[in-house]
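Visitor: Chains A and B, in that order, give the protein sequences.
In this text, residue positions in the first sequence follow my numbering: the first is 377, and each later residue adds one.
In this text, residue positions in the second sequence follow my numbering: the first is 21, and each later residue adds one.
These aren't lab readings, by the way, just hints derived from the structure by calculation.
Be aware that a few hints might be false.
To be verified - Label pairs and their computed distance ranges (CB to CB):
no., chain 1, residue 1, chain 2, residue 2, range
1, B, 101, A, 430, 26 to 32 Å
2, A, 511, B, 152, 38 to 44 Å
3, B, 183, A, 503, 28 to 34 Å
4, B, 128, A, 444, 41 to 47 Å
Unchecked claim - If we take Cβ atoms under 8 Å as the criterion, some of the chain B residues that face chain A in the derived model are:
no., residue
5, 57
6, 66
7, 67
8, 74
9, 78
10, 82
11, 85
Just so it is clear, CB atoms sit at the ideal spot from N, CA and C, and this is done for glycine as well.
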Amino acid sequence: MVASAVHGFGRLRTLLPLLLVLFAVDSPAHRGHAVWTDITWVGDRFEIVHRMHLADAIAVNRFMGGRDAIEAPRSLARVALYVEERFKLQGANEAADGDEIDESRLDTIGAEIEDDFMFVYQEWVTRLPLRFPALENTVLLDVEPDAQAFVRILGPELDEERERR
Amino acid sequence: MARSDVQSSRRYSPLLAIPMLFMLLSGCASMNRDFSRDWPQELPPSNYFVISYERDALNQEYQALHEYMYWVRKFYEGTALYPRGWSDITTEILDATEDPKAKPEMTERLAILGRDIAAEWSKDGGISLVKNHNLATWGIAASRAVGEGNVEETLDRISDDLGKLLSRELTADAITVDRYHAPDPEDPFAF
């Protein structure tokens, strides 16, 4: 009995690395849902890049009524429009030169898949603001109510990070 | 000239139908091609226009995506009726821009303006707020601006008019060349 138990433990020790590998492979399926946004000043505009897991993008595409494969151009477009409708600048803002900025329209430029992520690209053509405006960001909340959002803003005197929990 | 002569000169030769038919068929064949496969690199990414297409649900009822993308390409490359496409207009303006420091900004401006016009004009003819004659008007205005040296002001006005057209503050018929340039008194065909 003891011998068989020891033998069984020995077998478990042999299997343990394999089990660990299996858990490691499986773990991404249980990762949290989130969208990461980088907003970068490039001299005459802000470039805005949103990044989400491909699994979440697939859910968004279905939520938007898409039935095509996520790689299809129309699926990419649907996800981009979903982000466009849920990521907005709020209100006017003072420019660094003292005038008021009243143009707060973001242009959605495109979307692409790279590795296990979907990227959505937007831009805000504007003068440099004194402070980056407030954001309305409800991306992913329709499909994953607990989804987090992380925003990083990079620009002269503008560097900051914002978070939605 | 006798009345019958006038009538016959207006009649099309049956032989003319052959190349016309060929042109139409080749147009249909290229319209049905997969647009993403051979999208020209010098054009804005095709994805931008797919997003524009998806944005207009009404247009989708009348026009398939591949038709829309076909007309986007034609906007840049030119058509049989309007052989000077936006790419030609861009080249003409950039060639005339002497200050090398001004070229990158002008390139960017033309790219954004072209993109915005293409996204609307390429929709189904009954839906699009930008009509064929608007393209012709803007093409003429841009060419004249090169000659007169007021390209920036003209592009500003075209951009402003496009915005008003899209927000329905202006109708397509209201956009004429004299909005951008005073009529030339020595030009007998000036309109």
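Visitor: Give a verdict on every hint.
Guide: Going through the hints against the structure:
Between residue 101 (chain B) and residue 430 (chain A) the beta carbons are some 44 Å apart, a value that contradicts the proposed interval 26 to 32 Å. Separation of residue 511 (chain A) from residue 152 (chain B) is about 41 Å and conforms to the stated range, judged on CB atoms against 38 to 44 Å. For residue 183 (chain B) paired with residue 503 (chain A), a C-beta distance near 18 Å fails the hint of 28 to 34 Å. Taking 41 to 47 Å as the suggested C-beta distance range, the pair residue 128 (chain B) and residue 444 (chain A) does not conform, at roughly 33 Å.
With 8 Å as the threshold, the beta carbon of residue 57 (chain B) stays out of range of chain A, its nearest partner Cβ sitting at about 11 Å, so the hint is violated. Using the Cβ-Cβ criterion of 8 Å, the hint placing residue 66 (chain B) at the interface with chain A is satisfied: the shortest such distance is roughly 7 Å. Residue-level restraint check for residue 67 (chain B) holds (minimum Cβ-Cβ distance to chain A is 4 Å; threshold 8 Å). Because the closest C-beta pair between residue 74 (chain B) and chain A is about 4 Å apart, less than 8 Å, the hint holds.
For residue 78 (chain B), the interface hint is violated, the least distance from its beta-carbon to any beta-carbon of chain A being 15 Å, above 8 Å. Contact between residue 82 (chain B) and chain A, as hinted, is not supported at the beta carbon level, the nearest pair being about 17 Å apart and thus beyond 8 Å. At its closest, the beta carbon of residue 85 (chain B) sits 7 Å from a beta carbon of chain A; the interface hint therefore holds under the 8 Å criterion.
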